[in-house]
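> Residue-level listing of the chains:
Protein chains: 2
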Amino acid sequence: KRSKPMRETVVTPRVREIMDRRVISITEDEDIRVAAKKLLKGETNHLPVVDASGLLVGIVTTYDVSKAVVSDGRFRRVKDIMTRNVIRTTPDEPVDIAAQKLEQNNISALPVVDAGNRVVGILSAIDLGKLLPGRRWR
Amino acid sequence: KRSKPMRETVVTPRVREIMDRRVISITEDEDIRVAAKKLLKGETNHLPVVDASGLLVGIVTTYDVSKAVVSDGRFRRVKDIMTRNVIRTTPDEPVDIAAQKLEQNNISALPVVDAGNRVVGILSAIDLGKLLPGRRWR
Ligand SMILES: C[S@@+](CC[C@H](N)C(=O)[O-])C[C@H]1O[C@@H](n2cnc3c(N)ncnc32)[C@H](O)[C@@H]1O
Numbered sequence: 365k366r367s368k369p370m371r372e373t374v375v376t377p378r379v380r381e382i383m384d385r386r387v388i389s390i391t392e393d394e395d396i397r398v399a400a401k402k403l404l405k406g407e408t409n410h411l412p413v414v415d416a417s418g419l420l421v422g423i424v425t426t427y428d429v430s431k432a433v434v435s436d437g438r439f440r441r442v443k444d445i446m447t448r449n450v451i452r453t454t455p456d457e458p459v460d461i462a463a464q465k466l467e468q469n470n471i472s473a474l475p476v477v478d479a480g481n482r483v484v485g486i487l488s489a490i491d492l493g494k495l496l497p498g499r500r501w502r
Numbered sequence: 365k366r367s368k369p370m371r372e373t374v375v376t377p378r379v380r381e382i383m384d385r386r387v388i389s390i391t392e393d394e395d396i397r398v399a400a401k402k403l404l405k406g407e408t409n410h411l412p413v414v415d416a417s418g419l420l421v422g423i424v425t426t427y428d429v430s431k432a433v434v435s436d437g438r439f440r441r442v443k444d445i446m447t448r449n450v451i452r453t454t455p456d457e458p459v460d461i462a463a464q465k466l467e468q469n470n471i472s473a474l475p476v477v478d479a480g481n482r483v484v485g486i487l488s489a490i491d492l493g494k495l496l497p498g499r500r501w502r
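Protein chains in written order, with UniProt numbering: chain A, 365 to 502; chain B, 365 to 502.
Honestly, the hints are just simulated from the structure, not real lab data. All of these numbers come straight from a predicted model, not from anything done at the bench. Check before you lean on any hint, since a few could be wrong.
Note that identical chains are pooled: a pair holds if it fits in a single copy or bridges any two copies.
[Unchecked claim] DSBU-like mimics (lysine-lysine), calculated; alpha carbons at most 30 Å apart, straight line:
#, residue 1, residue 2
1, K443, K494
2, K405, K443
3, K465, K443
One chain only, chain A, in its complex shape (with noise of 0.2 Å):
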């Protein structure tokens, strides 16, 4: 009888254990003017665009205000730089999952939504340092 190879189990962390819950979001017909004092006041790149209901439509960063910077007027509302296609992530999703989301997309956070597409956080890359190889968190 061969013996069991000794089973290494790694209990990979979730998303809801380093995602940050406090969320300042903004409506897409805000002029970028709001967003970029919202982004400079909460100290974030990243704000995630609500509809009406709360649900995700958009994200828009520091890099896309940017765009404004260089494109002489022509944008003004949120809606004109956000990015609409946004990659996300849940509570329950395993961490290294998330990360290889940020890398592959060489972007630094993901909203956080639960089932019904409501933000309930964001992870954002500083936050995998908390799991770094002899290092605690929370």
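Given the structure of chain A, go ahead and fit chain B with the ligand onto it with the hints provided.
Frame of chain A; chain B with the ligand shown alone:
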């Protein structure tokens, strides 16, 4: 005779192993719109600012460019919006120390400088994902 406890050697990865060596930089007298263009073209949020000899004197990010959007034309050059006190790392620094710098200062990238303060790379928080348990890198 007591048995020795099993010794778990954790080899801490160094910044050089996960940093990005392709760095786009700018000088402080450039127009903010040039910085915005470089950021958008490089698909990055961070431009190290270097002097005429290529030494690090500041950093300008899409976050800083957003300040120009709300300043109504008061800010025009990179030096008006850049951060002078740059939090940086070196190729030999252990990654967990660099990760701490990111978290504690709520920033998403660190310029990597050699002993002569020359920029040799950039370490972004996104790169930390390469080191998550169970993942392979390079
Ligand atoms: C390509 S990234 C490059 C800048 C930098 N690497 C970063 O992490 O933000 C910038 C673009 O990604 C978009 N973006 C950021 N997070 C996103 C997400 N979770 N899903 C889709 N697009 C996103 C922004 O709207 C912006 O247009």
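> Which of the stated hints cannot be reconciled with the structure, identified by number in ascending sequence?
Those not satisfied come down to hint 1.
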